[in-house]
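Chemist: Add chains B and A to chain H, keeping to what the hints say.
Protein chains in written order, with numbering that gives the first Met the number 0: chain H, 0 to 323; chain B, 0 to 480; chain A, 0 to 297.
It should be emphasised that the hints constitute simulated quantities derived from the structure, not laboratory data. A portion of the hints provided could be inaccurate.
Interface residues of chain A toward chain B, partial, derived using beta-carbon atoms under 8 Å [unchecked claim]:
no. : residue
1   : W124
2   : V142
3   : Y146
4   : G278
5   : E287
6   : V291
7   : P294
The list that follows gives simulated cross-link-like pairs (lysine to aspartate or glutamate, EDC-like), each with its CA atoms no further than 16 Å apart [unchecked claim]:
no. : chain 1 : residue 1 : chain 2 : residue 2
8   : H       : K308      : H       : D318
9   : A       : K19       : A       : D58
10  : H       : K49       : B       : E3
11  : B       : K315      : H       : E279
12  : B       : K315      : B       : D347
13  : H       : K112      : H       : D149
14  : H       : K272      : B       : E3
15  : H       : K53       : H       : D269
16  : H       : K53       : B       : E3
17  : H       : K77       : H       : E37
18  : B       : K480      : A       : D280
19  : H       : K272      : H       : D106
20  : B       : K244      : A       : D245
21  : A       : K19       : A       : D258
22  : A       : K19       : A       : E30
23  : A       : K165      : A       : D130
24  : B       : K135      : B       : E80
25  : B       : K315      : H       : D188
26  : B       : K17       : B       : E49
27  : B       : K60       : B       : D25
28  : A       : K54       : A       : E202
Model, not experiment: these values are computed from the prediction. Beta carbons are placed, not taken as given, at the ideal position from N, Cα and C, and that holds for glycine.
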Amino acid sequence: MATPVLTSTDALRDAVSTPAALRRFLHGLPGVDQVGCEARVATLSSRSIKTTSKQWALDLAISMIDLTTLEGQDTLGKVRALCAKGRRPDPADPTCPPVAAICVYPDMVVTAKEGLDGSGVQVASVATAFPSGRATLDIKLQDTRAAVADGADEIDMVIDRGAFLSGSYQQVFDEIVAVKQACGRPGGDSAHLKVIMETGELATYDNVRRASWLSMLAGADFIKTSTGKVQPAATMPVTLIMLEAVRDFREATGRMVGVKPAGGISTAKDAIKYLVMVNETAGDDWLDPHWFRFGASRLLNDLLMQRTKMTTGRYSGPDYFTLD
Amino acid sequence: MSFEYAPAPESRAVVDLKSSYGLFVDGEFVDGNGHAFKSVSPATEEVLAEISEATEDDVDKAVAAARRAYTRTWSTMPGAERAKYLYRIARIIQERSRELAVLESLDNGKPIRESRDVDIPLVAAYFFYYAGWADKLEYAMPGSAPRGSVPLPLGVAGQVIPWNFPLLMLSWKIAPALAAGNTVVLKPAETTSLTALLFAEICQQADLPPGVVNIVTGAGETGRALVGHPDVDKVAFTGSTEVGKAIGRTVAGTRKSVTLELGGKAANIVFDDAPIDQAVEGIVNGIFFNQGHVCCAGSRLLVQESVYDDVLARLKRRMASLRVGDPLDKNTDVGAINSSEQLSRIRDLSQVGEAEGAERWSPPCELPDRGFWFAPTIFTGVTQAHRIAREEIFGPVLSILTFRTPAEAVEKANNTPYGLSAGVWTDKGSRILWMASQLRAGVVWANTFNRFDPTSPFGGYKESGYGREGGRHGLEAYLAK
Amino acid sequence: MVWRPTLQSESRLDVRKTYKLYVGGAFPRSESGRSYVVHDSRGRFLANAAAASRKDARDAVQAARKAFGGWSGATAYNRGQVLYRVAEVMEGRHDQFVEEVAASEGITRPRAQRSVSAAIDRLVWYAGWADKLAQVVGATNPVAGPYFDFSVPEPTGVVAVLAPQKSSLLGLVSVVAPVVVSGNTAVVASSRDRPLPAITLCEVLATSDVPGGVVNMLTGSLADTAPTLASHMDVNAIDLTGAAGDDEHATALEVAAVDNLKRVLRAPASEPDWTQSPGLDRMRRFLEMKTVWHPIGV
Numbered sequence: 000m001a002t003p004v005l006t007s008t009d010a011l012r013d014a015v016s017t018p019a020a021l022r023r024f025l026h027g028l029p030g031v032d033q034v035g036c037e038a039r040v041a042t043l044s045s046r047s048i049k050t051t052s053k054q055w056a057l058d059l060a061i062s063m064i065d066l067t068t069l070e071g072q073d074t075l076g077k078v079r080a081l082c083a084k085g086r087r088p089d090p091a092d093p094t095c096p097p098v099a100a101i102c103v104y105p106d107m108v109v110t111a112k113e114g115l116d117g118s119g120v121q122v123a124s125v126a127t128a129f130p131s132g133r134a135t136l137d138i139k140l141q142d143t144r145a146a147v148a149d150g151a152d153e154i155d156m157v158i159d160r161g162a163f164l165s166g167s168y169q170q171v172f173d174e175i176v177a178v179k180q181a182c183g184r185p186g187g188d189s190a191h192l193k194v195i196m197e198t199g200e201l202a203t204y205d206n207v208r209r210a211s212w213l214s215m216l217a218g219a220d221f222i223k224t225s226t227g228k229v230q231p232a233a234t235m236p237v238t239l240i241m242l243e244a245v246r247d248f249r250e251a252t253g254r255m256v257g258v259k260p261a262g263g264i265s266t267a268k269d270a271i272k273y274l275v276m277v278n279e280t281a282g283d284d285w286l287d288p289h290w291f292r293f294g295a296s297r298l299l300n301d302l303l304m305q306r307t308k309m310t311t312g313r314y315s316g317p318d319y320f321t322l323d
Numbered sequence: 000m001s002f003e004y005a006p007a008p009e010s011r012a013v014v015d016l017k018s019s020y021g022l023f024v025d026g027e028f029v030d031g032n033g034h035a036f037k038s039v040s041p042a043t044e045e046v047l048a049e050i051s052e053a054t055e056d057d058v059d060k061a062v063a064a065a066r067r068a069y070t071r072t073w074s075t076m077p078g079a080e081r082a083k084y085l086y087r088i089a090r091i092i093q094e095r096s097r098e099l100a101v102l103e104s105l106d107n108g109k110p111i112r113e114s115r116d117v118d119i120p121l122v123a124a125y126f127f128y129y130a131g132w133a134d135k136l137e138y139a140m141p142g143s144a145p146r147g148s149v150p151l152p153l154g155v156a157g158q159v160i161p162w163n164f165p166l167l168m169l170s171w172k173i174a175p176a177l178a179a180g181n182t183v184v185l186k187p188a189e190t191t192s193l194t195a196l197l198f199a200e201i202c203q204q205a206d207l208p209p210g211v212v213n214i215v216t217g218a219g220e221t222g223r224a225l226v227g228h229p230d231v232d233k234v235a236f237t238g239s240t241e242v243g244k245a246i247g248r249t250v251a252g253t254r255k256s257v258t259l260e261l262g263g264k265a266a267n268i269v270f271d272d273a274p275i276d277q278a279v280e281g282i283v284n285g286i287f288f289n290q291g292h293v294c295c296a297g298s299r300l301l302v303q304e305s306v307y308d309d310v311l312a313r314l315k316r317r318m319a320s321l322r323v324g325d326p327l328d329k330n331t332d333v334g335a336i337n338s339s340e341q342l343s344r345i346r347d348l349s350q351v352g353e354a355e356g357a358e359r360w361s362p363p364c365e366l367p368d369r370g371f372w373f374a375p376t377i378f379t380g381v382t383q384a385h386r387i388a389r390e391e392i393f394g395p396v397l398s399i400l401t402f403r404t405p406a407e408a409v410e411k412a413n414n415t416p417y418g419l420s421a422g423v424w425t426d427k428g429s430r431i432l433w434m435a436s437q438l439r440a441g442v443v444w445a446n447t448f449n450r451f452d453p454t455s456p457f458g459g460y461k462e463s464g465y466g467r468e469g470g471r472h473g474l475e476a477y478l479a480k
Numbered sequence: 000m001v002w003r004p005t006l007q008s009e010s011r012l013d014v015r016k017t018y019k020l021y022v023g024g025a026f027p028r029s030e031s032g033r034s035y036v037v038h039d040s041r042g043r044f045l046a047n048a049a050a051a052s053r054k055d056a057r058d059a060v061q062a063a064r065k066a067f068g069g070w071s072g073a074t075a076y077n078r079g080q081v082l083y084r085v086a087e088v089m090e091g092r093h094d095q096f097v098e099e100v101a102a103s104e105g106i107t108r109p110r111a112q113r114s115v116s117a118a119i120d121r122l123v124w125y126a127g128w129a130d131k132l133a134q135v136v137g138a139t140n141p142v143a144g145p146y147f148d149f150s151v152p153e154p155t156g157v158v159a160v161l162a163p164q165k166s167s168l169l170g171l172v173s174v175v176a177p178v179v180v181s182g183n184t185a186v187v188a189s190s191r192d193r194p195l196p197a198i199t200l201c202e203v204l205a206t207s208d209v210p211g212g213v214v215n216m217l218t219g220s221l222a223d224t225a226p227t228l229a230s231h232m233d234v235n236a237i238d239l240t241g242a243a244g245d246d247e248h249a250t251a252l253e254v255a256a257v258d259n260l261k262r263v264l265r266a267p268a269s270e271p272d273w274t275q276s277p278g279l280d281r282m283r284r285f286l287e288m289k290t291v292w293h294p295i296g297v
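Bound-form chain H, shown alone:
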């Protein structure tokens, strides 16, 4: 029998009591019909928004970006340049907001922290043997602790997809709990934990819903679609399911969890479609960088171009924006 999603906190406590209970809970979540889900996304994508709202939406989208570089060829110089870009995305326009965070590998955290000093832009670090997650738990925890110690404000961990797909939900759960602990700082506060589910490897929407609940139950502050290293990365239907999950989780527990689609969102038009979907699914409480992020690199310049078009009335070109 399906578990009503307007479920009680008692039921949720029970869900994490034993591996069998966890499995029962996750498998009792309502299924997702792929065709219906995609049809809903298509309808939402056909919304058009007011010009004034659009201006606001473009700025909001910029402020929600986790500007990302996660390449083997990353250098200190590249990261510094990205930080500069994140602080002032449009040097020609001081009204343009900064991005939400710069997202880098753990060894770049110190550099990013310096580059962003005083800007309010967060440093997000991937950790836990990103992107595959194929390392022993102690190495993943060490990876996390090192990033936090170097000053990361946010940790983007990956779940063990192999364990998830083989049904070892408890193992995935325990690992998230352990990483969450490793996010703790000496002062008692904690780096924000984003849990990357790598939805492209989970393959079905049912799995996306289960992984979302699993992550939230284990203490995720954010659920995130993808590493960006696997195709498909973020898609609208996957994000819709995650938005439904955070909405239902808040109904059940009162706790809000953020959502971060990452990878593959490259145009302002797409970003606005995502925001419409956030608005109509989770509600406007989530229309805030605290609760919704875009993991992206190319998206920023397109948002800037559209933003310029709206202020100047003419279409801009890529030569007028920095390539960092």
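Modeler: This is chains B and A only, laid out in the frame that chain H set:
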């Protein structure tokens, strides 16, 4: 600052509205001899145009033109040639799709998103589909005609269509009739004649031989004259069960063949293991699509008691995000009620629902001052005995009932004189097939609702009518047995 | 005391059959208690047949409705086997049918024999359709979207059949078999003047695995039963073949049938030639196409 959707009106400029319209008889627009009547925009009550009313005499001329075209050209033309005319028409519909969509929304009150994304693309698809049948009729009725022979058309078809999907219903009627070699006289509903008249212009652009398609405008009297005309061989009607029965009595004892696509009171059944978010979308789509002006609307929601509270909460939350308003606004989900008469009927039955003790709820929803509007409404605490659970409301009003077991769901779903459609929501495959076999309805949507396709036969059991439209089966209705 | 040997009669007196109605698997007399005389073609007395009343018609509809769920829910293979079994049992009663058909229709024995054989063969032909019909008239529909969409024929429900007045067995079988083969149940009004083969057929049905109520037989005048059947709100379809030649009556029945939108097979101008190959049309008339949609996804 919050998210505001733009009034994103589709431009009316693509439509060239004339101040008055005549009938389309024998390839030409002519004035009708009856009293002209006005077609208004249900969203604003603005008069869009004056329309000629066809009298008995006008209908007679149209039938005579159709008969001439039938005997002289259309029935003797090779099927492959007929096919090409229909392909041409399909293409012109695609070319002029924006114009047709805007005109349909203007005249009918339905949201432009729907006329643009559903109605008009389907209209073109129906013509494309049946075009291909015109030269393959020997395969249309297995087991009926001797091998190698081609089944014959019936002759002149008199067709009467409703106002809820004006051009789409026209395509369901005209495309198979013409493919099979019949000629037609079609009467659109009096509140929605405009796209049918634009279609007549498309027939001219396609060089369709005069008389093959004739459009007579008017109300019930015109329809009666058409259905009762002695030289009509085939009657096809979509509309209310009441009028369908009157037609049945008119044609009794004649040799006219008849197909009727009538009312419904479909059960949309949600089990506790349903894909819940899609089910809620399906409920919304089932009853609020086209303002609930849908004969196959899922107007009776049957929810398994174990998920009733959850489904109801989700449904209400979802309904609160429905956007009711200007049909030409691309963001509108629910448009205007087609006429003041229909609005009164919806209001009356809703009042009956309250008087009978059901609990009424609508989301907060600002309705425009002018025009015909009704907020999306649900009734809870409804039982099978309530009139709102038995009578077709034909508006955005959902009656919610509960059930405990699959057998009870089937019993309640079938407990109606109608039998047009039904919906089933469950993740269990074997249950879907069991339910589908038990429901006495012509269309069963499982984990979806309100889907239509030219290849897919559509039509009712019991008092929802007889005959099928769509697919090979839709062609049978226009061929001699 | 004087004893004498038992008398041996030279020619034995027949045990005559009482011809009754067939309703719900039983053979009741008419609830009205009325009967009428059935003559042969030369006007000689053949039997008293039960004159079915409106109430008999009502009972028969009830029986047919009761039987519908089981019969329509049986596998097509099973229905085919049952109908084939009917043909087998008819074959065993071949001579009896020949006698009754010859007497009723006033035809020679050889002609009656051909007619009975044709009736049995027709039943075999229809029996074979049970599990093939859906493949020929059903379809999977290639819709333009991610849906599996199929159309299957289902029986319409309870069908009233006004059997032909002239062809007492071949005609009867030719109108009843296409109705029941697909899972409908039937209330049959037999030929008024030639009802004996119909009742004998019911005896065959009663002894050949056809569930009670699947076929119900009313003998008597159409004037007594047909209006009730035509207006009955729990009858889903009506075959007016037996009203051929009486346009006024047929039209009145068609009008009455509109009340619940029965599917109507109109009366032909005159009784058809039942020896012709029937085709699928009669089966098609009493089918509903049901279309089922389901999304295709993972």
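Chemist: So, for every hint listed, does it hold in this structure?
Modeler: Consistency of the hints with the structure:
no.: 1; hint: W124; result: violated (12 Å)
no.: 2; hint: V142; result: holds (4 Å)
no.: 3; hint: Y146; result: holds (6 Å)
no.: 4; hint: G278; result: holds (6 Å)
no.: 5; hint: E287; result: holds (5 Å)
no.: 6; hint: V291; result: holds (5 Å)
no.: 7; hint: P294; result: holds (5 Å)
no.: 8; hint: H/K308 x H/D318; result: holds (14 Å)
no.: 9; hint: A/K19 x A/D58; result: holds (14 Å)
no.: 10; hint: H/K49 x B/E3; result: holds (6 Å)
no.: 11; hint: B/K315 x H/E279; result: holds (13 Å)
no.: 12; hint: B/K315 x B/D347; result: violated (23 Å)
no.: 13; hint: H/K112 x H/D149; result: holds (8 Å)
no.: 14; hint: H/K272 x B/E3; result: holds (13 Å)
no.: 15; hint: H/K53 x H/D269; result: holds (12 Å)
no.: 16; hint: H/K53 x B/E3; result: holds (9 Å)
no.: 17; hint: H/K77 x H/E37; result: violated (38 Å)
no.: 18; hint: B/K480 x A/D280; result: holds (7 Å)
no.: 19; hint: H/K272 x H/D106; result: violated (34 Å)
no.: 20; hint: B/K244 x A/D245; result: violated (23 Å)
no.: 21; hint: A/K19 x A/D258; result: violated (31 Å)
no.: 22; hint: A/K19 x A/E30; result: holds (11 Å)
no.: 23; hint: A/K165 x A/D130; result: violated (31 Å)
no.: 24; hint: B/K135 x B/E80; result: holds (12 Å)
no.: 25; hint: B/K315 x H/D188; result: violated (39 Å)
no.: 26; hint: B/K17 x B/E49; result: holds (9 Å)
no.: 27; hint: B/K60 x B/D25; result: holds (9 Å)
no.: 28; hint: A/K54 x A/E202; result: violated (22 Å)
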